[in-house]
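Chemist: Could you build all of it, start to finish, from the sequences and the hints given here?
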Amino acid sequence: MSALRTETISIRNLGLVQYEAAWQLQREVQSAVVAGTTPNTLLLLEHPPVFTAGRRTADSDRPIDGTPVINVDRGGKITWHGPGQIVGYPIVKLKNGNDVVGFVREIEEGLIKVCQEFGVNAERYCERSGVWVRDARGDRKLAAIGIRVAKGVTMHGFALNVNPDLSWFSRIVPCGIPDAEVTSLSVELGREIAIDEIL
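According to the numbering used here, the stretch in the sequence shown is residues 1441 to 1639, in order.
You may find that some hints are simply not true.
Simulated DEER-style distance windows between Cβ atoms [to be verified]:
id, residue 1, residue 2, range
1, Val1474, Ser1607, 38 to 44 Å
2, Ala1472, Lys1535, 18 to 24 Å
3, Thr1478, Glu1637, 25 to 31 Å
4, Phe1558, Glu1621, 17 to 23 Å
5, Ala1472, Glu1632, 34 to 40 Å
6, Glu1637, Ile1510, 26 to 32 Å
Once the Cα atoms are required to be at most 20 Å apart in a straight line, the calculated DMTMM-like pairs of lysine to aspartate or glutamate come out as [what the hints assert, rightly or not]:
id, residue 1, residue 2
7, Lys1553, Glu1563
8, Lys1533, Glu1549
9, Lys1591, Glu1468
10, Lys1533, Asp1513
11, Lys1533, Glu1546
12, Lys1535, Glu1546
13, Lys1553, Glu1628
14, Lys1591, Asp1513
15, Lys1553, Asp1575
It is worth saying that the hints were derived from the structure and are not from the lab. None of the values given here were measured: they were computed from a predicted structure. Glycine is no exception: its CB is placed at the ideal position from the N, C-alpha and C atoms.
Modeler: This is the structure:
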């Protein structure tokens, strides 16, 4: 059963967008969805390299080299966005305005299906949000999720690592999880996967 009030979603593929511009667009679309003048919308894009910190980010999770971080009003902790990563901002009205967990599970399930279509055995990790690869090599996060709900409508969303430069994650404690690595579809498959193959 879907957490969405309606199944209709307008998808906007925006290409490369600065984080602050995308955040402003999210706020505008979210206000319009709340007002009922815009349908549920999924913004798909990439960002130039940027660190964003959710409300639960500890100082010890931040870059120690002074790299700038944008503090945002979503759940979760710190993460990195950049080229080679599909970022999705679903701005949707929830059936039950507070069913964030159900909505996150739907996002996870959709991302897991995408990964499986490419032959990556991704899964949910019940204690941790996001999409994971778990095997003898350890736990590796493939997609991060951080959501905010205001007036029953979501903002922020997910980041799926397709072929990014994963070295950016070494500057932070990704999502505040020190005992797991970050991976990508390209790393898991041992070949380069282009963003266009996913979208």
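Chemist: A separate judgement is required for each hint: does it hold in the structure or not?
Modeler: Here's how the hints hold up against the structure:
1. Val1474 - Ser1607: 38 to 44 Å: 39 Å, holds
2. Ala1472 - Lys1535: 18 to 24 Å: 19 Å, holds
3. Thr1478 - Glu1637: 25 to 31 Å: Holds: the Cβ-Cβ distance is about 29 Å, inside 25 to 31 Å.
4. Phe1558 - Glu1621: 17 to 23 Å: Roughly 19 Å apart at Cβ, these two residues keep to the hinted range, so it holds.
5. Ala1472 - Glu1632: 34 to 40 Å: Roughly 38 Å apart at Cβ, these two residues keep to the hinted range, so it holds.
6. Glu1637 - Ile1510: 26 to 32 Å: Roughly 29 Å apart at Cβ, these two residues keep to the hinted range, so it holds.
7. Lys1553 - Glu1563: Cα-Cα ~9 Å, so holds.
8. Lys1533 - Glu1549: Given that 20 Å is the threshold and the Cα spacing comes to 19 Å, the pair holds.
9. Lys1591 - Glu1468: 14 Å, holds
10. Lys1533 - Asp1513: 18 Å, holds
11. Lys1533 - Glu1546: 14 Å, holds
12. Lys1535 - Glu1546: Measuring from Cα to Cα gives roughly 13 Å; hence the hint holds.
13. Lys1553 - Glu1628: 15 Å, holds
14. Lys1591 - Asp1513: Roughly 14 Å separates the two Cα atoms, so the pair holds.
15. Lys1553 - Asp1575: 18 Å, holds
When held up to the earlier numbered hints, the structure conflicts with none and fits them all.
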